[in-house]
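Top line first, the protein sequences correspond to chains V and R. Per the working numbering: the first sequence = residues 1 to 116. Per the working numbering: the second sequence = residues 1 to 112.
Keep in mind that the hints were calculated from the coordinates and are not lab data. Backbone N, C-alpha and C fix where the C-beta goes; we use that ideal spot for every residue, glycine too. Mixed in with the good hints there might be a few duds.
[Stated by the list, open to error] Not the full set, but computed from the structure, chain V residues with beta-carbon under 10 angstroms of chain R:
(1) Q6
(2) P8
(3) G42
(4) L45
(5) Q56
(6) K95
(7) Y106
(8) F107
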Amino acid sequence: DGGITQSPKYLFRKEGQNVTLSCEQNLNHDAMYWYRQDPGQGLRLIYYSQIVNDFQKGDIAEGYSVSREKKESFPLTVTSAQKNPTAFYLCASSKEGLAGPTDTQYFGPGTRLTVL
Amino acid sequence: KNQVEQSPQSLIILEGKNCTLQCNYTVSPFSNLRWYKQDTGRGPVSLTIMTFSENTKSNGRYTATLDADTKQSSLHITASQLSDSASYICVVSEKGSYIPTFGRGTSLIVHP
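Make the full structure from the sequences, and use the hints.
The following block contains the structure:
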C-alpha cells in the first residue's frame, strides 16, 4: 500500500516544548515538502528537500527545523521559537520536484498541532 | 509577487446541480496549474494538472479549463454529489521553481 504517512494525527504541546512531526513515504520520490495550513489561508511552504541530505527554507521557516537523512523520511521539528505553532501541518512528496511540467505533489493526511 | 486568487470563497449548491469555480493567477513564467480537492481534516488530493498547451482536461465529473493568455482557470463540477463537499484549491507553478503558489481555496457545500 503506497503513499505518504504522517504521525501523529493529533498532537498537543505545552508552550516552550519542542515537538517532532513524522513524515514517511514509500513512493520512491526524491522531493519532499512541509506545509502549514491555517483557517482561511492557502498552504504555506515551511521547508522542502529535493534530495537526501539537502533541504531549503520555504516562506515561513523561522521556528522550524528539518532533516533528510533518508529518502523515505522528512521529519519536521516545531521548536519553542515558533511563536504561533497551532496549525494543520501537511507533508507532501513529488517524483522529481515541481520544476517538471507534469510532476504532482502527493499529500499525507496531516497532523493537527495544538499548543496548550 | 506571484499570486493565485480563487472565487467564490464559498459556495452552497443542491445535490445534482452543476457549479464552476474560478482561479486567476499572476504567476510567470507559467509552468503548470493544478486543481486539488481537500476534504476537511485531510490532505489535498490532485484532480487535474494542466500545462501551457492544454486548455481543457477532465477527470470524471470534474472538468478544468485553462486560458493562459488571460491567466484564468476554472473547475466545473457536473451533477454534484454530497461527497463533493470539500475545499478546492488551485495551485500554480512557475517554470524552474520548486515552490508552487497556492490559492486559498473555495469551500463547496453540497446539500441534499
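For this session: Mind listing which of the numbered hints don't hold for this structure, in increasing order?
Result: 2 and 6
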